[in-house]
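Novice: Here is how the chains run, residue by residue.
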Amino acid sequence: MSMDVAPRLDTDVLLDDPQTRIVVCCGSGGVGKTTTAAALGVRAAERGRKVVVLTIDPARRLAQSMGIDALDNIPRRVEGIGGGNGGELHAMMLDMKRTFDEFVEAHADPERARAILANPFYQSLSAGFAGTQEYMAMEKLGQLRARDEWDLIVVDTPPSRSALDFLDAPKRLGSFLDGKFIKVLMAPAKVGGKAGMKFLNVGVSMMTGTVSKVLGGQLMRDVQTFAAAMDTMFGGFRTRAEATYRLLQAPGTAFLVVAAPERDALREAAYFVERLAADQMPLAGLVLNRVHGSGAEQLSAERALAAAEILILASDPADPADPDGPDDQDDPADPEDALANAAEGSDPAKNGAAAENLADGGFVDPPSGNAQARNPSAVDPDVSPTSADSSAERLAAGLLRLHAERMQVLGREQRTHDRFTALHPEVPVAQVAALPGDVHDLAGLRAIGERLAVPPERANRVAG
Amino acid sequence: MSRLHVVSGKGGTGKTTVAAALALALAADGRRTLLVEVEGRQGIAQLFETGPLPYEERKIATAPGGGEVHALAIDPEFALLDYLHMFYKLGSAGRALKKLGAIDFATTIAPGLRDVLLTGKACEAVRRKGKDGRFVYDSVVMDAPPTGRITRFLNVNHEVAGLARTGPIHNQAQAVMRVLKSPQTAVHMVTLLEEMPVQETADGIAELRADGLPTGGVIINMVRPAILDHEAVEVVANGQRTAVAKALSRAGLGGARRGGMAERLVDPLLEQAREHAERVALERAQRAELTGLGVPLHELELLTDGIDLAGLYRLAADLRKQWPE
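As you go down the protein sequences, you meet chains A and B in turn.
Once you know that position 120 of the first sequence is 120 in UniProt numbering, the rest is easy, because the numbers rise by one and skip nothing.
Once you know that position 8 of the second sequence is 8 in UniProt numbering, the rest is easy, because the numbers rise by one and skip nothing.
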């Protein structure tokens, strides 16, 4: 095959390397980023490292799976870590407001800190609008690193493209601090007052008038008090942002871009890869979650569907009660129709949006409405097949249709993955086989960690 | 009837696709909708297979029956200048503000203001009337931030009205809140039949209700057909194994004897069927959970080949059939 083959990302090598001190997981929402961060934490701890996982807004069940219920901004030790290698896992959820408050308290004298914390403008800023989370996550990372209590920090990032906004923080803060706007803001006596006019050029005085007009007098005063109180801190803010930026570029840091094998997620992944490269951030590779495999890959979707078709046709004449073939929908209890219709795709609009999908796919358009009364089941064992053969044929057809669906998914995933690899052949990839359900406990996280380390069969074949 | 449709949902559930399909559906029969993007991802342009959208309302699709979908990707920076111009007639002063770094301040350092601008712009489009005194858009559909942020996002003006207790910003914030809390607005959630998105949907709806924001429906996206359930799989596994192998063989898939291709297919096919059945059972539980939320449910099927323009129109037609008039 002439297709580019991505090198395999070996997460165990990454986690085992004592030089690796920070792992940052980024990617678009819904790709399993937080789960990946947690699973990496569990695996690293069980391989002997002292790990802290910083999660941002985790799903409740996931947080509980690590035994953290409270959003208290304090790393807690996770019980039940095995391995016997002396490893430890600590986990915490980011409390944005508290992190911001602590930052203020650490960087301003007590009186000033009180003024800032009481300022209404600050209070709403810190409560976490878009953007604050990204900055505070990085601030927290800097703090954890500075404490030096853990030899590995695994960080989750906020679920948006702006997750990488923190990379811009030093620049933005810089342009803001060096700009005139802050000086204008911080000249309360001059704002709107004629006395101060001569000290300002015409452009700036127009500005102060404008700003005051737009914001309104009282908000203007709040912003001014805030800006004045924050003045001493902004320097600290910029220094910290710059320090974190350098920390992220340092050799001990590894970025993992997390994605699912879907077009949008991989497009976002490509964006992250390019963005990290532009900022010279060390990318370790791509974690591709929820990759599907099949134990019967030799059987193509087309062939499976054709075989299913043959089986349905073959079992048809055996059922004299159903002379009109599989399109006949008069008998809602006919399992043949059930399979045929289910395979054609459900039409939720037909049965009402809230209808059970099985009832929907299995018993389409029940004229007597009796489908609601029965336990929905695509193949009802109570309905005796006309012969053992035709029952087996229908079941086999169902298995084949499922397989065809699976092979279509595989094909689509492979194509999107190939597209990414064509664009970024240098990025190592770790594929994680899909789990049928969600993760609820440490065992689930451990299973993900294993899947991360041991690639699915298909990945082996591709890589080998 | 709602005219502002705010579409939220957990990341990865297909929020942008559903918002686009809804905009198309609501534009049917000669109506006009505006599809608004607030997160700067240009997802709408990609869906409609056009180049990146500028900060400008432009027609991007024609709906069945002659309707029109217009789209706008809101850029916070332009929105602020626009806003300053609209309310204060600031042309050159706006540019000067930009030079001073004030725009940077407003849109990044004070990120709350970004949300103010985004919601403000959407509400302005909802209220806008043409020369004939009729609304310019019959409905506005917003591809909104994800579930975890939606309540705060929509409530930002409430917060701002508290900060600026008088003056033009206060009045503007109040006006926006009035639209958002009125029956003119409906906040819809997109979910999959999976545990985490369903949980987030339930949490999101509870939050919206607690803050008095109007909830709309839940759109279950990417619904897959249920082909076999646990019982069927167990029937095969216990006793029908040979019969199934023979059936596969009759369908031309090789020998049914031990080691034959048909026989070797049974186990992997069964394994897939088990996973499928497990998912079907999980989905049933999730569906029950959603039914308990007491909001209208809508369903969109999974398009196995991914979403292209034709697929988008198909979803729109599906949604149209299910949408209350």
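Hints listed in this document are in silico derivations from the structure and should not be mistaken for laboratory results.
Treat the hints with care, as some may be off.
Estimated spans, in silico, between C-beta atoms of each pair [unchecked claim]:
1) A/Gln19 <-> B/Arg178: 55 to 61 Å
2) A/Gln414 <-> B/Gly51: 40 to 46 Å
3) A/Asp389 <-> B/Glu325: 47 to 53 Å
4) B/Thr304 <-> A/Gly236: 52 to 58 Å
5) B/Glu234 <-> A/Gln19: 37 to 43 Å
6) B/Met261 <-> A/Glu274: 43 to 49 Å
7) B/Arg241 <-> A/Ala422: 39 to 45 Å
8) A/Arg419 <-> B/Asp132: 44 to 50 Å
9) A/Leu117 <-> B/Arg178: 29 to 35 Å
10) B/Arg165 <-> A/Arg98: 25 to 31 Å
Here are a few chain B residues that face chain A, going by a calculated C-beta distance under 8 Å [stated by the list, open to error]:
11) Gly148
12) Glu194
13) Met196
14) Leu248
15) Ala273
16) Gln286
Backbone N, C-alpha and C define an ideal beta-carbon position, used for all residues, glycine too.
Novice: Compare the structure with each hint and give your call.
Specialist: Outcome of the hint check:
no. : hint                              : verdict
1   : A/Gln19 <-> B/Arg178: 55 to 61 Å  : holds, 57 Å
2   : A/Gln414 <-> B/Gly51: 40 to 46 Å  : violated, 28 Å
3   : A/Asp389 <-> B/Glu325: 47 to 53 Å : holds, 50 Å
4   : B/Thr304 <-> A/Gly236: 52 to 58 Å : holds, 54 Å
5   : B/Glu234 <-> A/Gln19: 37 to 43 Å  : violated, 51 Å
6   : B/Met261 <-> A/Glu274: 43 to 49 Å : holds, 45 Å
7   : B/Arg241 <-> A/Ala422: 39 to 45 Å : holds, 43 Å
8   : A/Arg419 <-> B/Asp132: 44 to 50 Å : holds, 48 Å
9   : A/Leu117 <-> B/Arg178: 29 to 35 Å : holds, 32 Å
10  : B/Arg165 <-> A/Arg98: 25 to 31 Å  : holds, 27 Å
11  : Gly148                            : holds, 6 Å
12  : Glu194                            : holds, 7 Å
13  : Met196                            : holds, 5 Å
14  : Leu248                            : holds, 5 Å
15  : Ala273                            : holds, 6 Å
16  : Gln286                            : violated, 10 Å
In terms of the numbered hints stated before, the structure departs from hints 2, 5 and 16, listed from lowest to highest.
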